[in-house]
Amino acid sequence: MRVGHPYIPNTREIREQMLREMGIASIDDLFADIPEKIRLKRALKLPRAMSELEVKRHMKAMLAKNKPFTQMLSFIGGGAWPHDIPSHVQALARRSEFVTSYTPYQPEASQGMLQTLFEYQSMIAELVGLDVANASMYDWASALGEAALTCARITRRKRFLIPKLISPERRVTLQTYVVGPGLEVAEIGYDRKTGRLDLSQLRAQLGQDVAGVYVENPSYLGFLETQVEEMSDAAHKAGALFVVGVNPISLGLLKAPGDYGADIVVGEGQPLGNPVSFGGPYLGIFACRGEMKLVRQMPGRLIGMTTTLEGGKRGYCMVLATREQHIRHERATSNICTNNALCAVSAAIYLASLGPQGLRGVAERCAANASYAMKKLNAIHGLKAPIFDAPHFNEFTLNCDGTRMSIEKLNSKLLERGIQGGISLRREFPELGETALLCTTELHSREDIDRLAEELEEIVGGQR
Amino acid sequence: MKVGEYEVPEGLYYSREHEWVKLEGKLARMGVTDYAQRKLGDVVYVELPEVGKQVKQLTEPKTREMELGAVESIKAVSAVYSPLSGEVKETNSALSDRPELVNTSPYDEGWICVIGPSALEDELKNLMDAKGYAEYLKGLE
Amino acid sequence: MSYQQARWTEPLIFELSKPGRTAVSLPEKSPEGVNIPKKLLREQLGLPEVSEPQVVRHYTRLSQMNWSVDSGFYPLGSCTMKYNPKICEELAALETVTCVHPRQSEDTVQGALELIYKLEKYLAEIVGVSRVTLHPSAGAHGEFTGMLITRAYHKFKGEEQQRTEVIVPDSAHGTNFASAAMAGFSVVVVPSDARGRVDLDALKNAVSDRTAALMLTNPNTLGLFDDQILGITDIVHGAGGLLYYDGANLNGIMGKTRPGDMGFDIVHYNLHKTFSTPHGGGGPGSGPIGVTRELERFLPVPVVEYDRKRDHYYLDYDRPDSIGKINGFYGNFGVLVKAYAYILLMGAEGLTEAAETATLNANYIMRKLLGVKGYELKFDSGRPCKHEVVFSAEPLKRETGATAKDIAKRLLDYGVHAPTYYFPPIVHEALMIEPTETEPREELDHFVDALKAIAEEARSSPEKLRTAPHATAIGRLDEVKASREPILSWRMHKKSRPRMPTSSVEIIREMRARS
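Chains as they are written, first to last, in this note's numbering: chain A, 3 to 466; chain B, 12 to 152; chain C, 2 to 516.
Source of the hints: derived by calculation from the structure; they are not laboratory data.
All the pointers check out, no bait thrown in.
Calculated lysine-lysine pairs in the DSS-like style (CA-CA distance at most 27 angstroms, straight line): (1) A:LYS295 to C:LYS496; (2) B:LYS73 to B:LYS33; (3) C:LYS122 to A:LYS67; (4) B:LYS100 to B:LYS64; (5) C:LYS379 to B:LYS50; (6) C:LYS465 to C:LYS406; (7) A:LYS295 to A:LYS257; (8) A:LYS47 to C:LYS122; (9) C:LYS465 to B:LYS50; (10) A:LYS239 to A:LYS295; (11) C:LYS369 to C:LYS465; (12) C:LYS119 to A:LYS43; (13) C:LYS39 to A:LYS378; (14) C:LYS119 to A:LYS67; (15) C:LYS87 to A:LYS58; (16) C:LYS310 to C:LYS122; (17) A:LYS257 to C:LYS40; (18) B:LYS73 to B:LYS142; (19) C:LYS310 to A:LYS411.
Based on the sequences and whatever the hints tell you, model everything.
In structure tokens, the structure reads:
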């Protein structure tokens, strides 16, 4: 007897028996309505089917050509941050009841996912200091795109202001998102000394046509915006919404954006228990004030608390679904359907595990490591770290104008020594000179930073 | 009068999209009919028009200028079309907190807005009276 | 078969909190300390404080109150809830996947780039297109990308101002309308004909020099293959529009026919449906887009290219006509790894076998259910369907008052997840059933028997249906209250007290006190 397929329980024999009972001569009869002209009359040109063992060997060998940051010392961040993920967080988030479920359309049978997502929404709300967070977006960049569209819907205005110092990925994604309604994205410059957003330029740009003002705190280049209250006031005075982008880990330490006037908060939830995985899947954070005027314009799924119909028992279900595409079609607040629920599950378990002290602890270690690294690197002749005179969180700029090397050269020398240096900023921000963006997290030890400093010292010194 | 389980009060004017109009002097109060609220089920939200909005009486094809907002249940959204052309003078703010009034009192407390009609006489001809609407409903069932 | 889901009375994680508890230990602090002015720091953070065993029990219990493909049959129409091989999870969890940073130097990510490059090639062959982008994070995201490419194409031809309409059939998924609108198009709806196909005359009337594209899924949402497809593509192409293929239903035709050969210009995939990457309770998914040669120039950046001479893969950003970027990096790589593994495991023969078996299983259900009183087919009765079949429970409703929703809820008590119901909207009391190739015949028989038994119950004990489900973690919820007075977070709940029961623990306590 021919051996069946491991994932297809109806063997050829069973299928033939089913066909016979149905009075159908051949499986091809079920496809007879496909016009002759477009029937595929050959096999698909794909590699032959492999056994699980072969696939494992093949893919492990292919993926071994990647060099994970666990096998080298890496200082890359810039919107994707490596952190430790506690073993139990991974073990729980990988439970197949979560992994292999669909969107919880039947709340009675999906309370587990619904309550977990409600807890995720609740913990994000605490973290950012706003009442409402949705059940997730794809990532920070797309969440920012959605935030701009949301501001435009609420204010019926068409200009969106962003800082000049923003990640290129987010800027380009935002520009792609606003093509449909034809919003204009304008950039606000920065103070060359501190990096801070230029307040007077912001005020000058704020007209009656501005839908929203977006700032990032910590900024893309790691420094903190110290005048966020002023920005929020300026935006609100002009009738615009104030949108803040965050690395959520920083909120273990930093003031919640809701407490300095943010109407909407977006951010990258990846560092909350999700691996960097070469760029995805990540977790778009999207939160807003509890006013229904905002909530009704929010994109994405929302989970709410309610009771059973016969009363008494608490339960959770999807709410305010009339904002969404499956009901409101072309007038929906967004087309988003599948989101990144499982990444939100990881984030919920991560945040619950850390608690206020744990998250503060992680944030402190990230910031303290950056602080130490800046001190060590800045002491090296020819290097400057950071280039801005401002407090920083866990990322900072490193400039090598004082050496005769380009930042790429410096990075490739580091790579030869098994160290992945920072992200070169030369293409996006040529005015900053030979500068890179470096990141530290709790994964870095004091010795790691010392080693970076020593290697850099040698590389730079060898040049002189 | 009643058509099956649906209330159709006398003295009102009705549109084919199930809105009712009540003339009050020079103004016209409007809402959705008992039939509409029953078809929609439990109303969870009413999107009200802005006071001052200029609206047009519904004709085909439908455009946004003919919309007065929407009535939402948990799994459906139904646009509310204007039964008359004119300007929105007043909206029922009670619906923001108690959207269920559309279910419990569609012809009274669940009213949606007051319109200052601009072509009342001409446009009333396009609406039905209670008897006409009752016949219309029978045709739908 | 009797079924009972776990029924824990599990409080919110916040209600388990006691000051000083934690579930993690952290490495030694750097003596440097934090160099941030106090006025920028927060004073308080309202996260729960719980220990590791508490966290583990809490989320284990919650997971036990969650239906999944691994729990049992999940015939959710249009969602392709097929089995997700465990090996794919194992591979995506490798350190050479999870610990690779998207901004690392190209030399250190050759394996990832090779996988992306090859997966694109396989997917292109499966649907018959020239080039694929793996960037879109989900199906709807892919639709949005496809619509932006449509826009870029017409702009390139100098017709952006004129081509403002996207045509969508009345049986389409809601995302189609929303994606077209998000890209700035207005939507024109065409009706279905008596056989559930696109009404060709209506389509001829709908197309014009304003037509940017037609969005279509084939097999359609009724599970029927639209045999007039070549006529449809001719009409739209004749008017200067593009054809966009919604890949939601690709599982019914893989290896049998290809959208590219049907004449589609943009073809969309749901890797989380057809290519067996798990749905994760609503995501992450992956929604690649394939295009004809003519449209390649518009694909999002960066594109992965291969330099044969150097045997080197690289990211190409130098694409001046690109629509830009639609998310931060290069798509959901962790999901791509699983889809790549799945394609290797299946091979051409396996993918075809999957499509054939999924189709056979759907037809088997159709045949067995056709004779059952209470259920009927609305369109093209008896014609073979593809991956799914849509029944109407209207006869049963007329006879007993039981709705499609009642039936779907009652199915949960039989240990089967509800089919999609009330969709597509062109079928009243719709039950949209997609068995996939995953189910053994015994399970299909059980499903049909359950639907038979439920029809009988609707006649003999209708109350059982109206109050169903009974075997799940919880009974029917007050969804109206949930949307009228939304409580969307613990913060909002605390403000709303005592409108809601404060905690399940307290409720139990109260109940005990009362009795």
